[in-house]
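K.L.:
Residue strings, one per chain:
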Amino acid sequence: MNQFAKFFSWLSRSQAGPFFALVAIVLFFACVDFIQGSGTFLSMNNIRIMMGPAALIAIPALGMTMIIISGGIDLSAGTALTLSGTVMAVTLNALPMTSDEPKFGSYVLGVLMLTVLVGSVCGLINSAIISLSKVVPFIITLGTMSIFLGIGQIVSSQATVTVGRDYRPGWLEMGYTGPVAEKYYLIPYIPTNAILAIVLAILLTAVLRYTVFGRNIYAIGSNESTARLCGINVTRTVLCVYCLAGVFVAIGGVAALANSKTMNPIEGQGKELEIIAAVVLGGGSLTGGRGSAIGTVIGAMIFVVISNGCTMWGISSTYTHIVIGCVIIVAVVLDQLRRRSLAAT
Amino acid sequence: MSASPLLEMQKICKRFGPTIALDNVGLEVNAGEVLALIGENGAGKSTLLKVLSGAHRADSGRVKLAGQAFQPTGPSSSRRSGIAMIYQELNLAPDLSVEDNILLGQVGTGGGSLFRAKQRGRVQDALETVGLAELDPRARAGEQSVATQQLVEIARALASDAKVILFDEPTSSLPQRDVARLFEIIDRLKASGIAIVYISHFLEEVRRVADRYTVLRDGHSVGSGDVAAVADEEIVSLMVGRDVDDLFPVAPHEPRDTWVEAKDITGSGYPKSVSLQLRSGEIFGVAGLVGSGRTELLRCLFGLDTARGGISKEKRYVGPGVRARMRAGFGMLSEDRKSEGLAQDMSIIENITISNLRPYSTVGILNLRKRDVKAMELMQKVEVKAHCGHQLVSELSGGNQQKVAIARILHQESDILLMDEPTKGIDVGTKAEIYRMMGELAAEGKTIVFVSSYLPELLAVCDRIGVMDRGQLCEVRDAADWSENEILKSAIGLAEEEASSGS
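Chains A and B, in that order, give the protein sequences.
Here the numbering used here is used: position 107 in the first sequence is 107, and no number is missing along the way.
Here the numbering used here is used: position 369 in the second sequence is 1369, and no number is missing along the way.
Isolated chain B (complex conformation) (with noise of 0.2 Å):
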């Protein structure tokens, strides 16, 4: 290994008017290495990525690149120099084909003109890499899989000749099949030469993949080492700053009787013919791969979806649509803050009555203060940390955000949460803290429905776990009777597991 490593960042601070969001912070890569970069939300890791691409420029501070000063001035510049990202989210233009994606912004299009021929060899060197070699370059992207343009997006990393790769949180939106191949590809990748920075919350992908890790916290860097030589506690507490002893608190609840049934839930495509009791006082937990039918079985409870089949509720039922559901008790917290589950350009306060207006209006006419009251009460109640209610929902952190979110459903009074990954790019203090407040909502009687990818949550949370395959629920025990391993083989169907133990 050479002495000065591929990749140096030194002393790097950027403030954000009275915000300092990188203080100090330095961190080196080596070619064939992994460095696991790990931090809560908002700890600075994707303004410290922003800076190495560009995006931001440092107040102060030195970026070295195989041994060179380099200073990015923009996302182009810094692909020049063979510092690639592939983002949380995939940047492909989904109407152009994969070759023409992969080519996009390249260099040696000589004059403008593109040499296809030429240029052809490379892009399939580059999806063999990536072990895409039967993919046609010429298809859509917009028609491949998520794993599938994710590992285009690679691809296009490896054609421009990177040396750098960047990966922010590349599992989260994979289905857990495709992660494996992912860090396979990794592997790979490392083992030609490339340096990687990956990022991620957590911690069982940060020891299959990296080799070092680095941790940051409120814009600082507070520990670094080697990831085999380190416990999970001490990441853990060096990502939180206090010693974390209750991953997961849970507050004491009893389930009661059943009050909720659901019988034979159709949906257009997924779910299929779903049945299931729920009772009073419970969290039940739905576990299942991404794309099994876990969002569409929420929404289809929520009324969302049309559905087929029926629910009733003490032996009532319960009409379609939001409304009634609403009305019957039904609250849904969304997947996707970002995009449903809040508006983000209005205010706290608006996002968190806008479900329920009736306690204040008298003929349609809203009384503002008592609505304004009522909404900083339950900000308490979920610790949302604001300047004031008045602030736009879009200036929060992402756990703030989802704070306000269970708030609405609060506001609702509704007694049947459905709550969709409710933990999702969600720090881990946070975390806690949701856990504490869906075992104090179950202790007040309510029933709540958790769906989530991350198994130790549900296992831990839960008092009984369903497993989703293919849109229908085909088991539901007592958390205590599931085990991860359980959890997972049923999920991905008994029937692949021995057609893969067969061959």
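Bound-form chain A, shown alone (with noise of 0.2 Å):
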């Protein structure tokens, strides 16, 4: 008993939370598979097609966690995905090459910057109105959400924008993460998207952990006045906070692309959702100054295993909304009790 006592302390004081849940939401969907399913939940095959779309929202959600560490929101973030994407198909059509072309390379290093740059100025412009006008980033970002959403349908003149066969770069099609993508795999099993948002991960933990600017974005959270008390540009701070953000997010519409190939702006709503679901799900707090990059990747692990698992117990798309809903209700409320009892003792 006492046994049990010291290891339900130790599990309510630990950051893991999220992992236990991830595992304990693994082994439920393992479990139902197991008795009345195909036994397949666990195969490689299927942990493969659950990696890819995790990863699509990792990458983006790992930008999103330095906003809401730092007390911000930003519900523009899947617009700009989409918005940064398109930019990238629509850019990418209109080269005066094909692939096949030697010079084609550094043209396409050109549409990537592009691409990086559409992302950053979208943060850039959400991070000086807030900054500017001290109006809360919720309002703001919700206007802006709008407008990117607009500029990418002027961009994409109000359709799906599909890359033209002769102008995908090589590697573009190792972001696929569909069934018979495997020969293009850098590491086998592995979805290279998943590649990518787990190094984009390690990076982001480094600089929240290891560097001045990653201590202030959650002094900044944590509390604004104390942080200017403290000296920290919070300005500055924040409006490179978005800009990377951005940046998160335009590596997002880039996988996002490669993945699919075709882009239309108007899939970008909703997914601010997910991203910011996945944020939430990995220990951050909407009031600021909590939060990882790791923690993220798993939210955003929980986001798909939970959609995945209910799909393969054969649970419609509309039930699968209804659950995960709840779990990031009871996820936020347990934490919250968490802290309570913590505070208590």
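It is worth saying that the hints were derived from the structure and are not from the lab.
These figures come from a predicted structure and were not determined experimentally.
Backbone N, C-alpha and C define an ideal beta-carbon position, used for all residues, glycine too.
A hint or two may mislead.
Calculated lysine-lysine pairs in the DSSO-like style (CA-CA distance at most 30 Å, straight line) [to be verified]:
| hint | chain 1 | residue 1 | chain 2 | residue 2 |
| --- | --- | --- | --- | --- |
| 1 | A | LYS134 | B | LYS1315 |
| 2 | A | LYS134 | B | LYS1272 |
| 3 | B | LYS1381 | B | LYS1424 |
Cβ pair distances, simulated, as ranges [to be verified]:
| hint | chain 1 | residue 1 | chain 2 | residue 2 | range |
| --- | --- | --- | --- | --- | --- |
| 4 | A | ALA24 | B | LYS1370 | 37 to 47 Å |
| 5 | A | ALA159 | B | THR1306 | 22 to 32 Å |
| 6 | A | GLN336 | B | GLY1074 | 51 to 61 Å |
| 7 | B | CYS1388 | A | VAL23 | 25 to 35 Å |
With the hints as a guide, bring both chains together as one complex.
P.N.:
Here it is, written out as structure tokens:
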């Protein structure tokens, strides 16, 4: 009994809550699948199938993690993602040469830089308006969410843009996570998107933990007045956070385009909620000061495992939404209770 | 006086996990009597009040109200039984009218609808009792001054027919002038037969309002009696648990040459063209009423608020903005530990080091171990009591939090320390440690600007004291040439004094 109590006390103090939640959810679906399903939930193939979409959520969610730690929010992340993806698709199609010509690579590099620029400019616009107007980020990004959608539709001429077969650089194929894609993988069984997400998560962890910039982000989110009192340049740090988050969003756009080869700005609507949900499931606090890159990756995985598990169980996608909604609420309430019980002792 | 007291608490025990917050604590108050509840921070005063208000449930013990056993189950149940609390922080809904605030949560609002006309008379009576007869009950509560809002809270207690009113350090956020008015009202409440429990750190206040006292220490009641029959020293030694021979121990230090000059500092409201010279190795006191621009002066000196006027250190101009000022050696201790001074949900180490991470970073990358070692050294130097450096600041007591904030400005290697009410809400023992530390820092050649509302500490600790009145630094003298009376006179402005003596 005592051992149990000790274990639970350790569990409630550790920061590994999201990880245990993921393990619990995976075990749950594995059991369900073992009893009444095909028994393939934990197969290598299904794990591969889950990793792709998880990475597509995780990459922009890493940027969102920084914003949420700093005490902000970005509702425009979804449409900014499809905007930068659309810009990339349109410019690739507009290139003056096809992928078999020798100088194609340098053109593609230009396209990539443009895409990242679009993402970070979106972040810059958000943060500039937030800093200048002192209006809460929720409202500002609610506005820019719609603006970025509109710009994307102008760029795409209100249609789905498909990257022409002749204009696809070779590496774009590697981002494909669907079936029969394994010949493009860098490492067997692991989609290249997932590798990208993991590398970015490790980089972000290092930035958040071991740099002055990272510690300043936590300080600002924890208490902005204290940060000012400590001589932290709050405006500049927040500006950097949103711009950098924009870079993550743009990379997310590239990854999404690599996966589907098509892009329609409309698809960005609602993506921001998946992205924010991943951060929150990963232990991020919307009041700022808390969150981690690894947590966010786990949050994205929880999200995908639930929808995949429900699909394999034969639950229709309508009900899957309800399940995911419940899981988010339960996760946050549990975390709240845990904090309160810690504060009481 | 009736035989049984109006409110009686007996053998109250309350534990939080392994910590015993209250151990066999008891108190009693008669109708028409003021009981002062005295004790250091963490002695258990607030816990005792929370038991009474129903926010905490006692593990054992009895509460009797007018001879009847009484088991509060929540704030509304204790209010209905006639117990009202006036907290340190204001508890009004700022967007509602004064009237609505007074009637908030009242019984007798039949079926959820408000019978305004019936209630209005009661509101007016309550407002009159607290001396707010002229206040328009329909004015927004948030627009009133802090003192008025507090009186409205008292009116709310009266309107709900409170028999017992608990005041939790009610003067801590009040300007001096309004304190006198509050005391008059407490006298009036007392005369009308209400029992009052008054919590305070300040013995002067206790002497002014209370009839009897009960001292708590570490969750025990250690003494009680008549206020008139006890000496200050006796109460203090009860609070601290040992004899306090020196309330203001200051290490000897010698002011040297003037090195910082501020000229015509003018902020957007206050301060108004304040000039001052600071010497190295000196403790410079700033007295004045709350709202006289003391905090604003410090904020302008530190560059947190934009201000006109120039600052120079060792004859060299110091640019505007917090970063420039910090580079020049300015450091500031905020008056408001909770919402400005410290990031409550970050660790002690983070809070100490966040303002100066440069020593540990090479090209922006931090050496965390080096940082932790340095922070622990400072924790030891200022004697922060904590399990470890990674403990969250919110888990520390007020005094320990203040030490963390002081450790931060030491870590910044500041040599001009702007301290805004550094001893506010801190127990006597820790206060003494902070005074000693201030003296030691001055002896190292640092300058300390010490803002305080508590005149005895200013007079005992400072080398020079300046008094602020409505944004201006009106008079600076050596501390030895001031008396409490003179400072007060200067703080409320001579013009006002003449007007009042003429009327």
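K.L.:
Each hint should be assessed against the structure and marked as holding or not.
P.N.:
So, going through the hints one by one against the coordinates:
Restraint check: the Cα-Cα separation between A/LYS134 and B/LYS1315 comes to about 38 Å, which exceeds 30 Å; the hinted pair is violated. Pair hint A/LYS134 plus B/LYS1272 holds up; C-alpha atoms about 27 Å apart against a cutoff of 30 Å. At most 30 Å may separate the alpha-carbon atoms for a hinted pair to count; B/LYS1381 and B/LYS1424 meet this at roughly 21 Å. Evaluation of the 37 to 47 Å hint for A/ALA24 and B/LYS1370 yields a pass: the beta carbon distance comes to about 39 Å.
Separated by about 51 Å at the C-beta atoms, A/ALA159 and B/THR1306 break the suggested range of 22 to 32 Å. Checked against the hint of 51 to 61 Å, the pair A/GLN336 and B/GLY1074 fails, with Cβ atoms roughly 21 Å apart. Our hint of 25 to 35 Å for B/CYS1388 and A/VAL23 holds, since their Cβ atoms are close to 29 Å apart.
The structure is inconsistent with the numbered hints 1, 5, 6, although it conforms to all the rest.
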